[in-house]
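A.B. asks: Here is what each chain is made of, one letter per residue.
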Amino acid sequence: MKFTEYIKYLLIGLVFGFVLIKSEVVSWFRIQEMFRFDSIHMYGIIGLAIIVGIISVQIIKRKNLKDAEGNPITIPPKDASQVTRYILGGSIFGLGWALLGACPGPMFALLGSGLTIMVIPILAALLGTYTYGILRPRLPH
Amino acid sequence: MLDFLYQPWPWYVAGPVIGLTVPALLLLGGKMFGVSANLQHACAACNFGNVEFFNYDWKSVGKWNFTFLFGSVLGGFLGGYVFANPEPIQLAASTITDLQALGIQDFSGLVPDDLFAWNALGSVTGLIVLIVGGFLVGFGARYAGGCTSGHAISGLSDLQLASLLAVIGFFIGGLIMTYFIYPFILS
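Note that the protein sequences, when read in sequence, are chains A and B.
Take the first sequence: its position 118, counting from 1, is numbered 118 in the working numbering, and each next residue is one higher.
Take the second sequence: its position 179, counting from 1, is numbered 1179 in the working numbering, and each next residue is one higher.
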């Protein structure tokens, strides 16, 4: 991959990080508010993001659109038969999401906003990821 | 005129922009949006102890995503530092009341200063929030095969049942933490 090919990912990421801050999705307060069902804010954001995503993925699939390099766009299906993995793993993620008040994207956007303490949860998340990698053969999926 | 750069964006503007990340990555690079994969690629780049799960060519699958992530950090810098909103978040009054009852005092920024400052590492509460919270996010995201972006946004955009299960899990865990565990951690 050449340097110019990276720029598009950098720009999409930049817009994403900017919106995460401007929408206050990165806010511990907003996550607390969401899990208390006190505001439409987070549900509106996630809901509309999904609707826009569904419409665009449907258009891409039905028109068989190709990506910028001319390759066919394929979306690998996830194996929904692994119910344990999604419900149990998802619940563990949810415990952390509510506790920290940030999921992976917001952790990094907050770091960029100057909140240097986010280095600590990012390192902890890397440790968690690594621990999963070690325990994976012994965990139910 | 540049007000929109400083002010918070309403949910009906921010939601669609976040959703457009999915087609933008698919159309421009054939890539599936998912942030937590970066944590896995970072482990693969180091892979102390040669763990099988991290034994793959992280460069070929992960370089674009690291670039995206670096962009997100820059976006966070622009949105939260250069064009930072000086006003406190317009939170629901009931949330503020609940949190004040739990001892949260600072509502001025994006996160409470009581928990998200370096000196918070000196308190048990701070350690639990920052370290246990981060650990569970990393562990759970990989166990579930994705996080909020990979499952709730990307996966549901592709109408994947697996992602719906994962999102149900996110809420099971989130509600248990908010209603049954957090009150004990903060008190």
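These are calculated hints, taken from the structure and not from any lab test.
Beta carbons are placed, not taken as given, at the ideal position from N, Cα and C, and that holds for glycine.
Misleading hints may appear alongside valid ones.
As the list claims (entries may be wrong) - Here are some of the chain A residues that sit facing chain B, going by a computed Cβ distance under 7 Å:
hint	residue
1	Gly13
2	Glu24
3	Glu33
4	Phe37
5	Gly44
6	Ile54
7	Ser56
8	Ala80
9	Thr84
10	Leu100
11	Cys103
12	Val119
Said to hold, decoys possible - Pairs of lysine-lysine, BS3-like flavour, derived with a Cα cap of 27 Å:
hint	chain 1	residue 1	chain 2	residue 2
13	B	Lys1059	A	Lys66
14	A	Lys8	A	Lys61
15	A	Lys8	A	Lys63
16	A	Lys61	B	Lys1063
17	B	Lys1059	A	Lys2
18	A	Lys66	A	Lys8
19	A	Lys66	A	Lys2
20	B	Lys1063	A	Lys8
21	B	Lys1059	A	Lys63
22	B	Lys1063	A	Lys66
23	A	Lys2	B	Lys1063
A.B. asks: Against this structure, judge whether each hint is valid.
C.D. replies: So, going through the hints one by one against the coordinates:
no.: 1; hint: Gly13; in the structure: holds (2 Å)
no.: 2; hint: Glu24; in the structure: holds (6 Å)
no.: 3; hint: Glu33; in the structure: holds (4 Å)
no.: 4; hint: Phe37; in the structure: violated (9 Å)
no.: 5; hint: Gly44; in the structure: holds (4 Å)
no.: 6; hint: Ile54; in the structure: holds (5 Å)
no.: 7; hint: Ser56; in the structure: holds (4 Å)
no.: 8; hint: Ala80; in the structure: holds (4 Å)
no.: 9; hint: Thr84; in the structure: violated (10 Å)
no.: 10; hint: Leu100; in the structure: holds (3 Å)
no.: 11; hint: Cys103; in the structure: holds (4 Å)
no.: 12; hint: Val119; in the structure: violated (10 Å)
no.: 13; hint: Lys1059/B x Lys66/A; in the structure: holds (23 Å)
no.: 14; hint: Lys8/A x Lys61/A; in the structure: holds (22 Å)
no.: 15; hint: Lys8/A x Lys63/A; in the structure: holds (23 Å)
no.: 16; hint: Lys61/A x Lys1063/B; in the structure: holds (25 Å)
no.: 17; hint: Lys1059/B x Lys2/A; in the structure: holds (13 Å)
no.: 18; hint: Lys66/A x Lys8/A; in the structure: holds (16 Å)
no.: 19; hint: Lys66/A x Lys2/A; in the structure: holds (20 Å)
no.: 20; hint: Lys1063/B x Lys8/A; in the structure: holds (13 Å)
no.: 21; hint: Lys1059/B x Lys63/A; in the structure: violated (31 Å)
no.: 22; hint: Lys1063/B x Lys66/A; in the structure: holds (21 Å)
no.: 23; hint: Lys2/A x Lys1063/B; in the structure: holds (11 Å)
In this structure, the earlier hints numbered 4, 9, 12, 21 are contradicted, and the remaining ones agree with it.
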